[in-house]
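Produce the complete structure using the sequences and hints provided.
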Amino acid sequence: MHILPWFWPAAIVLITWGVVGLLQKVSTNYLSAESALIWTVVGYFVLLPWLLPSVSIFSYSHRSLAWAILSALLNAVGAWALLAAMESGGKASIVVPLTALYPLVMVLASPLILHESISLLQGVGVLSALIAVVLLSTETASEA
Amino acid sequence: MALAEALTAKWFWYSILCVLCWGGWTLFGKLGSANIPAETMQFLFPFGCLPVVLVFLIRSRCKLEKSAKGIFCGISMGVLAGIGGLALFAAYRTGGSTPVITAATAAYPMITVILAMFLLRERLNWRQWAGLGFAAISFVIFSL
Numbered sequence: 000m001h002i003l004p005w006f007w008p009a010a011i012v013l014i015t016w017g018v019v020g021l022l023q024k025v026s027t028n029y030l031s032a033e034s035a036l037i038w039t040v041v042g043y044f045v046l047l048p049w050l051l052p053s054v055s056i057f058s059y060s061h062r063s064l065a066w067a068i069l070s071a072l073l074n075a076v077g078a079w080a081l082l083a084a085m086e087s088g089g090k091a092s093i094v095v096p097l098t099a100l101y102p103l104v105m106v107l108a109s110p111l112i113l114h115e116s117i118s119l120l121q122g123v124g125v126l127s128a129l130i131a132v133v134l135l136s137t138e139t140a141s142e143a
Numbered sequence: 000m001a002l003a004e005a006l007t008a009k010w011f012w013y014s015i016l017c018v019l020c021w022g023g024w025t026l027f028g029k030l031g032s033a034n035i036p037a038e039t040m041q042f043l044f045p046f047g048c049l050p051v052v053l054v055f056l057i058r059s060r061c062k063l064e065k066s067a068k069g070i071f072c073g074i075s076m077g078v079l080a081g082i083g084g085l086a087l088f089a090a091y092r093t094g095g096s097t098p099v100i101t102a103a104t105a106a107y108p109m110i111t112v113i114l115a116m117f118l119l120r121e122r123l124n125w126r127q128w129a130g131l132g133f134a135a136i137s138f139v140i141f142s143l
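Chains as they are written, first to last, in numbering that gives the first Met the number 0: chain D, 0 to 143; chain P, 0 to 143.
Do not take every clue at face value.
[What the hints assert, rightly or not] Result set (DSS-like, lysine-lysine): computed pairs, CA atoms no more than 30 Å apart in a straight line:
1) P/K9 to D/K24
2) P/K65 to D/K90
3) D/K90 to D/K24
4) P/K62 to D/K24
5) D/K90 to P/K68
6) P/K68 to D/K24
7) P/K62 to P/K9
8) D/K24 to P/K65
9) D/K90 to P/K9
10) D/K90 to P/K62
[To be verified] Label-pair distances were calculated between CB atoms; the ranges are:
11) P/E4 to D/S60: 24 to 32 Å
12) D/P110 to P/W128: 31 to 39 Å
13) D/S53 to P/A5: 33 to 41 Å
14) P/L123 to D/H114: 36 to 44 Å
15) D/H1 to P/I57: 46 to 54 Å
16) D/L111 to P/P50: 24 to 32 Å
17) D/S53 to P/W128: 45 to 53 Å
Keep in mind the hints are simulated off the structure, nothing from the lab. We treat Cβ as the ideally placed atom computed from N, Cα and C, and that holds for glycine.
Below is the structure:
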């Protein structure tokens, strides 16, 4: 069986972020959402010694560095917006599945910005994954 | 009625902002990782999150909950999310289809609900079972 090169990195993402999802559930017993986000970023810093670049980061183009920083900033702003949606009266049972649709942005933007298109079969797979994410995110319905 | 109400509600637009930000996070992450190694992308990540963390710290006047369990959960989330982020950038660098990788990795709630079922003894509702089914379909398609 041919295993695609991205399979194993993607499997690591699924497992680690899946455990993060579980820890998020547990952490709400002890921390506010804001505190959890702050300590999560502390956790990112804990990893830094293992990620020290072998070459100066300034050897990369300014544009690439800007994209890297912007990517992280948008991730954090997105987390803030999710919390703000909840604080503004949004029910978790609606807000969480709605925000889980973020891969749709990539699906729509890819042909325009990355000049990548997907096959019909891959499109069915993406649609199926999106439906799965929305359905799986409804777990908070009883908690909302 | 419900749609009109949602369109005028703050939480809805915060949710849309979240979707756009997280869409941008994956898009710019892909663009950055085209030239920057995955380790360096993840090295830069916490620095990009700092502005939002600072806003939270100022808003809370640096008063964070002092629960040791909560802090442990928070830092663990950061370490695991960081490892997952590193793997996501590595997956993007394999040259695989970006929308497919993004959608496949966004299905991580699948792992969360399975872990919650075994570790927290949570019962899955029918939507979550259906979600697991759709996730399985998408992974079969992606592996073809």
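- Query: Hint by hint, which ones does this structure get wrong, listed from lowest number up?
  - Reply: 11 and 13
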